[in-house]
Structures are given as structure tokens and as C-alpha cells.
Amino acid sequence: MKTRMKELRARDGLNQTQLAKLTKVSRQTISLIEREELIPSLLIAARIARVFNEPVESIFLIEEDEL
Amino acid sequence: MKTVIQVFLCAVIGFVVATLILNNFSPDLMKYAEVIVITLIGIIFILLGVSFKLFREVKKLHNTEVAGDEEDEVDLLIYKKFADFSFLVQSSIVLSVLVLCTTVITLQSVVLTIISIATMILSYLFTILMANLIQLVYPERNIPKFSDSKYTEKLLEISDEGEKHVMLIGFYKSFNLMSVALLIGIVLSTFYSISADQSQLFSIIVMSLVLIIVNGKYCFSIRNK
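Those sequence lines, one after another, are chains X and A.
According to numbering that gives the first Met the number 0, the residues represented by the first sequence are 0 to 66, in order.
According to numbering that gives the first Met the number 0, the residues represented by the second sequence are 0 to 224, in order.
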């Protein structure tokens with residue numbers, strides 16, 4: 000699964016620490032998700048989507064062979 | 000590659016042990032007890048000194064005003080320094096227990112026994128310092144008090160999924176390493192018992208029981224979920 004989090008963070012001028020506070024998780028979790036080492040839970044994905052004002056599926060891109 | 004390294008390490012250990020046995024090597028650690036105790040006390044003080052330095056660095060970094068990507072870098076640095084601090088304090092606790100046990104077994108001087116007790120108390124105080132440091136660095140998180148009887152359980156409870164993911168990988172690797180290390184410990188104790196003619200049977204039984212209990216705890220934990 001690919002993620003556009005880094006790109007969206009840059010767009011909104013947020014660092015990982017700020018995004019972590021807004022989504023009520025640790026900076027470590029944001030970093031792991033961004034490096035595609037952790038697939039977030041539905042709840043965290045929804046919180047991230049809300050911060051960026053984007054649908055979940057446009058932030059986390061699931062490839063066809065993963066489905 | 001990993002398997003090759005493991006096989007190589009096992010071969011080296013096997014070769015060393017076999018060579019020592021064939022040459023009638025009989026280590027008498029009692030002769031070196033005082034040197035061992037003094038060296039370990041020195042190491043403990045170094046570990047605690049470095050820990051204190053790290054403690055101050057973390058506090059200083061925490062009070063540094065930063066913004067943007069630098070804030071992330073500082074947080075990462077705090078995290079790494081805290082992990083190092085935690086490792087050093089845990090190591091000093093283990094070593095201070097080892098020193099105290101050695102002084103008691105080998106009937107060292109009263110001064111060394113008092114110093115070894117002091118290192119143990121000091122290491123424990125550093126553990127409290129460690130718990131306070133987490134609260135200082137992450138005041139927004141509901142971190143349990145160190146005196147709480149369910150401290151470790153509550154600490155796991157407040158961890159989010161990313162932290163749990165990292166801990167799981169770490170614990171899984173440590174668990175596997177511990178199983179192998181204990182097995183090697185049993186083998187080495189057996190060889191020591193034979194070569195030094197000093198029975199280590201009690202230690203071998205304890206290590207075997209620890210191995211069974213730890214593996215059993217893991218199996219029952221996953222079985223009941």
C-alpha cells in the first residue's frame with residue numbers, strides 16, 4: 000500500500016509531530032505509516048483523512064494485486 | 000546470509016568449547032573474583048555516568064524551541080537517547096545484581112559488598128529517574144506512575160498502534176534470542192561443570208525451568224486469544 004501522506008503534509012505545511020498531535024497518535028506511528036512500514040487502522044486512517052480533508056482512498060493507495 | 004552467520008557462530012562456539020575441554024581447561028573464577036567485582040563496579044559507574052549525561056541531554060533537547068522538520072528531528076533524537084538511557088540503566092541493574100551476588104558468594108571485603116549494594120540502589124534510583132523522564136518529555140500522555148503495581152501493563156495500554164508494532168518486533172526478536180541464549184547457557188554450564196569439576200546443576204535446572212515457563216507463557220497467551 001502506497002501513501003501520499005508526506006506529499007499532503009508538505010502541502011499543508013505540517014511536520015510529523017503536528018500531524019501526530021492532530022490525529023492523537025505518536026510521531027513514531029506517523030513516521031511508520033509514512034515510510035509504509037505500518038498499515039494504519041481504519042480509525043487512524045479516518046483521522047488522517049479528516050486532517051487533510053481528503054477521502055481515505057486518495058491518501059492510502061491500495062494496489063490491485065493487494066486486494 | 001543470517002543462517003550462514005548463525006551456523007558460523009555455532010561452529011566457533013563449538014570449536015572453542017571442544018578445544019578447551021581437550022586441553023583440560025578448568026577455569027576457576029573464584030581466583031579472579033575480586034578483579035571481576037572491581038571491574039564490574041567500574042563498568043556500572045561508567046554506565047550510570049553515561050546515563051546521567053544522556054538524561055541531561057534529553058532534558059536539554061526537550062527544552063529546546065524548534066519548529067518545522069527540526070521539531071521531528073529533535074523528537075527522534077530524544078527518542079533514541081531515551082532508548083539508550085533505558086538500555087544503560089537496565090544493564091547497570093543487571094550488573095549490580097551480578098556484583099552483589101559475586102561478593103556474597105566469594106565472601107569479599109565488607110567495603111566491596113557495601114559498594115555493590117550502593118550501585119544497586121543507585122541503579123534503582125536511575126530507573127525512577129527514567130520513569131520521571133518519560134513523564135517530563137510526554138506530559139500530554141497519561142503515563143502511569145512508576146509506583147503503580149500495574150505500571151508495565153498500563154504503559155502498554157497507553158501505547159498506540161505504531162508503538163505497539165515497534166515493541167512487537169523488538170519483543171519477538173528478543174524472545175527468540177533469549178531462547179537461543181538460554182540454550183547456549185545450559186550447554187556452556189554443562190561444559191563448565193565437567194571441565195571445572197564444579198557442579199552447575201542447579202543453574203542448569205533454573206535455566207531450563209525459565210525456558211519452559213517463558214515459552215509456556217507465550218504459547219498460552221496466543222492460544223487463548
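These are calculated hints, taken from the structure and not from any lab test.
Check the hints yourself; a few may be wrong.
Below, a list of computed lysine-lysine pairs in the DSS-like style, where the Cα atoms sit at most 27 Å apart [as the list claims (entries may be wrong)]: (1) K80(A) x K163(A); (2) K144(A) x K80(A); (3) K5(X) x K20(X); (4) K1(X) x K23(X); (5) K79(A) x K30(A); (6) K59(A) x K20(X); (7) K79(A) x K5(X); (8) K153(A) x K20(X); (9) K79(A) x K23(X); (10) K23(X) x K80(A); (11) K23(X) x K59(A); (12) K79(A) x K58(A); (13) K172(A) x K79(A); (14) K20(X) x K172(A); (15) K58(A) x K20(X); (16) K80(A) x K5(X); (17) K224(A) x K153(A); (18) K216(A) x K23(X); (19) K5(X) x K23(X); (20) K30(A) x K80(A); (21) K163(A) x K20(X); (22) K153(A) x K216(A); (23) K23(X) x K153(A); (24) K144(A) x K79(A); (25) K153(A) x K163(A); (26) K58(A) x K30(A); (27) K58(A) x K23(X); (28) K59(A) x K30(A); (29) K80(A) x K20(X); (30) K20(X) x K79(A); (31) K224(A) x K172(A); (32) K163(A) x K5(X); (33) K224(A) x K20(X); (34) K1(X) x K163(A); (35) K144(A) x K23(X).
Note that the structure is predicted; figures quoted are calculated from it, not measured.
Q) Okay, which hints does this one fail, numbers in order? A) Hints 5, 14, 18, 20, 26, 28, 33 contradicted; others consistent.
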